[in-house]
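Peer 1: Sequence:
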Amino acid sequence: MASQAESISETLPTLNSQVQRPALDPINELPNLREVKAGPKRKAAFLSMLVPLVQAENARIQSDRNWLVGVHSRINPMTADEKRRLSRLCDDYGVDCEPAKVSRELLARVNTVPLEMVAIQAVEESGWGTSRLARDSNNLFGMRCFRAGCGIAQQGTSRRFQVFDSVRDGVGAYLHNLNTHRAYAQLRGQRAALAARGKSISAEKLIGALHNYSTSPDYQQQLLSLLRTNGDLIRTHGADNAFVSGSPA
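At position 46 of the sequence shown (counting the first as 1) the number is 46 in full-length UniProt numbering, and the numbers step up by one without a gap.
Think of the hints as simulated: they come from the structure by calculation, not from any bench. Backbone N, C-alpha and C fix where the C-beta goes; we use that ideal spot for every residue, glycine too. Watch out, some of these pointers could steer you wrong.
Stated by the list, open to error - Computed beta-carbon distance windows for the label pairs:
#: 1; residue 1: Gly39; residue 2: Ile75; range: 55 to 61 angstroms
#: 2; residue 1: Trp67; residue 2: Arg228; range: 22 to 28 angstroms
#: 3; residue 1: Gln222; residue 2: Ala153; range: 41 to 47 angstroms
#: 4; residue 1: Ala153; residue 2: Cys97; range: 36 to 42 angstroms
#: 5; residue 1: Ser166; residue 2: Lys83; range: 27 to 33 angstroms
What the hints assert, rightly or not - Result set (DSSO-like, lysine-lysine): computed pairs, CA atoms no more than 30 angstroms apart in a straight line:
#: 6; residue 1: Lys205; residue 2: Lys43
#: 7; residue 1: Lys101; residue 2: Lys83
#: 8; residue 1: Lys101; residue 2: Lys205
#: 9; residue 1: Lys101; residue 2: Lys37
Construct all of the structure, not just a fragment, from the sequences and the given hints.
Peer 2: Below is the structure:
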């Protein structure tokens, strides 16, 4: 069952349309996974849908990160086009485009999230894609919104949740949330420290920094339990056990 997560997330700014996204067939509506028999078949159907979307969004982020590292490691000054691209990234990630902050804060934010962690949170928050919120809003991660009348309301409560045009948009917003929201500064700091030392950045190492994602005291343990049970299955759908970021954070 998906938890009723009190995700500390806000209505996120739209990512700059000029940032190219890798080509992928759009999934504008979540498949009705309730029609798939619970168990291995439903899990496989859910991961077959989700994993390529996460990989594509992570690839887009990694491309931006590689570009940032490249332009800041060379001697020649940036061109006008490069300055415009940098300005767009600063705006997207909420960082002042000052040289010191670009090299430190922006690189700490422009980085990928382990596929296994993304998948496990989607499983926990959406019940393998079967929750009403997931089906009605393409919101697999329990992301809330706080403006009056925004999104959709949770039945029986005053809580409102974000609505996305496609599943991929929801995945992108979730990653952007982890990479920008103040509630996940610890997660970004741990990731940056691991990357700076050339260590693997794994779901197990970052889940402990998700204490602000839910009010449930057992939330992180629930995620780790799901990961132990389903980690091998996720890996068969394209995830490695861990990845190493070769770029300084």
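Peer 1: With reference to the structure, classify each hint as holding or not holding.
Peer 2: Results for each hint:
1. Checked against the hint of 55 to 61 angstroms, the C-beta distance between Gly39 and Ile75 comes to roughly 57 angstroms, which is consistent with it.
2. At about 36 angstroms, the CB distance of Trp67 to Arg228 disagrees with the hint of 22 to 28 angstroms.
3. Separation of Gln222 from Ala153 is about 25 angstroms and departs from the stated range, judged on CB atoms against 41 to 47 angstroms.
4. Checked against the hint of 36 to 42 angstroms, the C-beta distance between Ala153 and Cys97 comes to roughly 38 angstroms, which is consistent with it.
5. For Ser166 and Lys83, the hinted distance range of 27 to 33 angstroms is satisfied, since their beta carbons lie about 31 angstroms from each other.
6. The straight-line distance between the Cα atoms of Lys205 and Lys43 is roughly 24 angstroms, inside the 30 angstroms bound, and the hint therefore holds.
7. For the given pair, Lys101 sits about 15 angstroms from Lys83 by alpha-carbon distance, which is consistent with the 30 angstroms threshold.
8. Proposed proximity of Lys101 and Lys205 is supported: the alpha carbons are some 25 angstroms apart, at most 30 angstroms.
9. A distance of roughly 50 angstroms separates the Cα atoms of Lys101 and Lys37; the hinted pair therefore is violated under the 30 angstroms criterion.
Hints 2, 3, 9, counting from the list given before, are not met by this structure.
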